[in-house]
Structure formats: structure tokens, C-alpha cells
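Trainee: Residues per chain, in single letters:
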Amino acid sequence: MRTIRDTWLIFDRSLTLSLRNPVWVIMGIGQPILYLLLFGPLLTNIARMPGFPPGGAFNVFVPGILVMTALFSSAFVGFGLCDEMREGVVERMTVTPMSRLAMLVGRSLRDVVLLLGQGLILVVLAIPFGLEINLGGVTVAFAMLALIGLMMSPVSYTLALVLKSEDSLAPVVNGLALPLLLLSGVMLPMSFAPDWLQTIAKLNPLYHAVAAIRALFNASYGDSEIVIGVVVLVVLAAVTIALGARSFSRAAA
Amino acid sequence: MSPEAIIETAGLRRVFKGHGRDQRGAVEAVAGVDLRVEAGDIFGFLGPNGAGKTTTLRILATLLPPTAGTARVAGFDVAHKPEEVRKRIGYVAQAGGSYRESTGREELVIQGRLFGMSKADAGRRAQEILDALDLSDAADRTCGTYSGGMRRRLNIGIGMVHRPVVLFLDEPTTGLDPQARARMWDEIRKLRDGGTSVFLTTHYLEEADALCDRLAIIDHGRIVAEGSPSQLKREIAGDVLTIGVDGDCDRVIELMAAQSFVREAGLEDGLVRLYVDKGDEAVPSVLRILDSHGLAPTTMNLHRPSLDDVFLKKTGRSLRESAA
Chain A
1 MRTIRDTWLI FDRSLTLSLR NPVWVIMGIG QPILYLLLFG PLLTNIARMP
51 GFPPGGAFNV FVPGILVMTA LFSSAFVGFG LCDEMREGVV ERMTVTPMSR
101 LAMLVGRSLR DVVLLLGQGL ILVVLAIPFG LEINLGGVTV AFAMLALIGL
151 MMSPVSYTLA LVLKSEDSLA PVVNGLALPL LLLSGVMLPM SFAPDWLQTI
201 AKLNPLYHAV AAIRALFNAS YGDSEIVIGV VVLVVLAAVT IALGARSFSR
251 AAA
Chain B
1001 MSPEAIIETA GLRRVFKGHG RDQRGAVEAV AGVDLRVEAG DIFGFLGPNG
1051 AGKTTTLRIL ATLLPPTAGT ARVAGFDVAH KPEEVRKRIG YVAQAGGSYR
1101 ESTGREELVI QGRLFGMSKA DAGRRAQEIL DALDLSDAAD RTCGTYSGGM
1151 RRRLNIGIGM VHRPVVLFLD EPTTGLDPQA RARMWDEIRK LRDGGTSVFL
1201 TTHYLEEADA LCDRLAIIDH GRIVAEGSPS QLKREIAGDV LTIGVDGDCD
1251 RVIELMAAQS FVREAGLEDG LVRLYVDKGD EAVPSVLRIL DSHGLAPTTM
1301 NLHRPSLDDV FLKKTGRSLR ESAA
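Chains as they are written, first to last, in this note's numbering: chain A, 1 to 253; chain B, 1001 to 1324.
A portion of the hints provided could be inaccurate.
Covered stretches of chain B (chain A as the covering partner; in silico rule of three or more C-beta atoms under 8 Å from a C-beta of chain A) [said to hold, decoys possible]: (1) 1096–1107; (2) 1111–1118; (3) 1275–1287; (4) 1306–1317.
Since the hints were made in silico from the structure, they are not lab data. Glycine is no exception: its CB is placed at the ideal position from the N, C-alpha and C atoms.
Turn these sequences into a full structure, and let the hints guide you.
Mentor: Listed below in C-alpha cells is the structure:
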């Protein structure tokens, strides 16, 4: 009970603070629009190449961009925590009886809400460009995006609690996020890749997430990638949340 | 009736680990601290930067586990029952605690709610504190727009929301201008008068002297003196006479140390420092003696012992220097 209540309090506080920040709001909404306008047109021709996955150009492209948005908006959340740590907010809350799990989950849920908001804007704006959607598939796809957020933002918070400064956090997060992105099949379909690269990519949870979300957007509900993707993300999110909550309870020391 | 102890530590130690197998760079920040703080006091922890003040405070506030020894705060052991301790204490870090993007009211309300208050109770309590700290007008502005003094008052208010029995303040006035500092002292005294015990760290002698009912002087992780400011100063019997000499200080010290009215003579900060029984009578004698040896002082200063003299006597260093 206490944990749920505290989670809500932290979620509410964090969301209020994020929405109060005009830079975030503009960038958060602007980013999906930039992808559609500046990157989308490149795809139409590539989609005709042999080896390109099934579905229209935008049905391949939008799931990838959704995963990328989920990855990047949650990978960098630790920066905000560094800021709060510097102002003593984390320490002050540590010296209250509040739940340590709530410190993490409250913030992570805020991150999830924001990334789903960005995703929704992207999907709606992509429809006129030729994205075909089905409600069931998109709903499950968004649940998977939420899981990506729940998996990545605890990692970012944990790193922030350990490294304590944006200067150290930036290269570490970049070094982590970039290979995850390159080996996810977001940029180009991994079917273009040599065998060894495909093998490595299969170890990347986001590779499975991208494959699953593409299948969902194409209403290929029988695709085994969907189950694999969901299971991988649920397990990893559980692990990172446990890890992150532990970091918060030790943050003090 | 002996007053109840609100903080009690025994052999408290904290070692920060070094690097590598030989633990190079390991630091014993707190090296065996025994403390007893009685309920209802403003207790000051005075020492230079790096003396172990903040580390001790963080142990007492459950933020840092001790390497050895025990500490009981508000009746509970900090290592075994940190949740019980947290319910009863307030803690205001040097870093502050309020977030610049939040409003003062928001910070007070969420703090109350994290201590289990209902929304309505937390709102009422926030208003009470805003009124008491004269922050009502700024309540709905973000903390980033506050002056240094206002922000510190708010931070203390945040620490007070749940009416703790003891409030920990880490360097509450560092960096404040004299006016804001005096204001802060008033607020801290008000807290004490309202029944809250206050445990604060400071490296300002004037602050320890003027504000604290009792204090402990800490240096290199050890307590070197403890008592009320007047008790501590009384340990240095007599007055302190400092003499500026253009030339041979050692000769002056040698001469003075031989005089019956001089208890102790030494060199400090380029000045000859004498501890004398009666300062007003010592001055003409000193002048006469110096004159008869063809020596002339450039400056002379007579003062009652300060806490700095206590610190100097206990540690061999001046706190003013150490703090700089």
C-alpha cells in the first residue's frame, strides 16, 4: 500500500515537473515530427529493395522509430536524476520513511507516460504518410514500448546514482544505447546484415522488440517474435527494476 | 532529573575505503566518536572542513552506515532501525533539498505526504510553515527564484514538516550574508523553543558561540572538546594577549615565558601569543619588559578567550586557518 501510494506521489511530482519544462515539451513533440519529415521520405525507395521486410515502408519504419524513441527518451532520464541529486532532493527523500522502490518506479512510470505520448503523436502523424494500423496490434505494441521504458530507465537511474554527474553519465549512456540501436534493425533491416552480425543482433532485446512491433503493426499475430519480444522485455524489466530499487536504497551510502 | 538523551553514540567510526589491495587512500573520516546530546538543546558540531562533521551527521541521519560503533537517535539504533529513526528526525543537507523547478508549497506538501499525511493535512501544514518562515508570498514561485536566505529557510521548513523530535542541519548558514545568517539563527532558536532538539554542524566560531547551547569540537574525526561555549572558554583561564613584533619573535617568547604572570607563550600566525592571568595588568608589564630589552611591539591585542583559542589549544591549529 505504502509503495503504491509513494509511487503515485513521485510519479505525479515528476510528471508535473517534466510538463512544466517547455524545452522538453517542444523537443518531445518535435522529435517525432522531424523523423517523419526528414527521414521518412528516404524510405519509399529503399522499401523496393530485395530483402526489405514485408509491409509498406512506413509500417517498417514507424515501429523502428517508436523503439528508438523509447530507447533514447528512457536512456537519458538519469540526467534529470543527477540534477535532483545535486540539489539534495534524493538525499532529502532518502531520509523519509518512503518506499525505495517507489523512488524508482514513480520516476520510471513518468518516463513511460512521456514516451508513450511521443509514440502516439508519431503514429497519428504517420497515418497520412501511409502507415496502416490495427487497434489490437498497436495496443500491444505500445505495451511493449512501455516495457522498453521500464527496462531502460532503471538502467539510466542506476548509472546516475553510481556516477553522480552528467559528465560521466553521457558517454556511458551513449556507449550503451548506440550498439543497442545499431543492432536493433531500426536503421536498416537486419536481414541486410552478414550472418555474424545477425547472430549478435539476436542477443539484443531491442532487436526482438522491433521485430515484434513490426509484426504487430502488420497484424501478423501468429509471428513467434511477438511472444519472444514480450517475454524478453518483461524479464529484463523485472531485473532492471530490482537493480534500480536496490541502487536507490543504497544511494544514501 | 537528568534530561533524556536524544542522540547517543559510542565508539562511532567510519572508514572510506581506498583503492587496490593495500587500500591506498583509505580515510578514517570518523575515528571513534562518543557523543551525548540532550533533548531540547541546540547542539553544535564545530570543526574545520574535512574534520568528519558531515560524515557523523550523515551516519546519525541514517544516510551512511557506521563502520564500527553504535548510534541511537530518538531512541532507536540508526543501523538496525533506520525506518524508526527516519520517522522521528528531520535532515537538511548542505546541498539543500528543494528542487529549483518546484514551488515552495509543492515541496512542503509532497514532503508531508511522503511522511503519510493526507493531502488536506499536508496542505494545512505547508501553509503553517510558510507563514512561520515568512515565505507565504513566495509559496507558489519556483524555488529557483528564491534568495539564498529564503531557500535555506524553505529547506529547514521541509525538514520540519512532520514535526521531528530532532532536526539535523548541515552547515545551515554557510554562504549566507550576515543578515540572512542572523535571521537563520532566530529561526533555529525558535525551533528549540518549540521543543525540537537541533543538531547542527558549523565551521563558524561565532555561530557555535552565539547559537549553540552545547557543542563538540571535532578534528581529524575525533572529538577534542565538549561542553557549553562558556565552559569551554573557561578552560582557558585568563586572557589572550597577542603581540606583533618586528624582528626576533623567538626572543620575545623566551623572555615572556620566563615571566610569572604568563601561563603560556607561543607563536601563532606570525604573532606572539600569550595566555595571561590578568590582561589589563599584563599589558604595561609586557611593554616595560620589551622596552628594557630594546624591543618594540608593532601591535598589541588583548581579548577574552574565544572558541578559536579553545580550538587552538586542543589541536595546535587555528580554526580560522583550517577553515580557509
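Trainee: Now tell me if each hint is right for this structure.
Mentor: Verification of the supplied hints:
| no. | hint | in the structure |
| --- | --- | --- |
| 1 | 1096–1107 | holds (count 8) |
| 2 | 1111–1118 | holds (count 5) |
| 3 | 1275–1287 | violated (count 0) |
| 4 | 1306–1317 | violated (count 0) |
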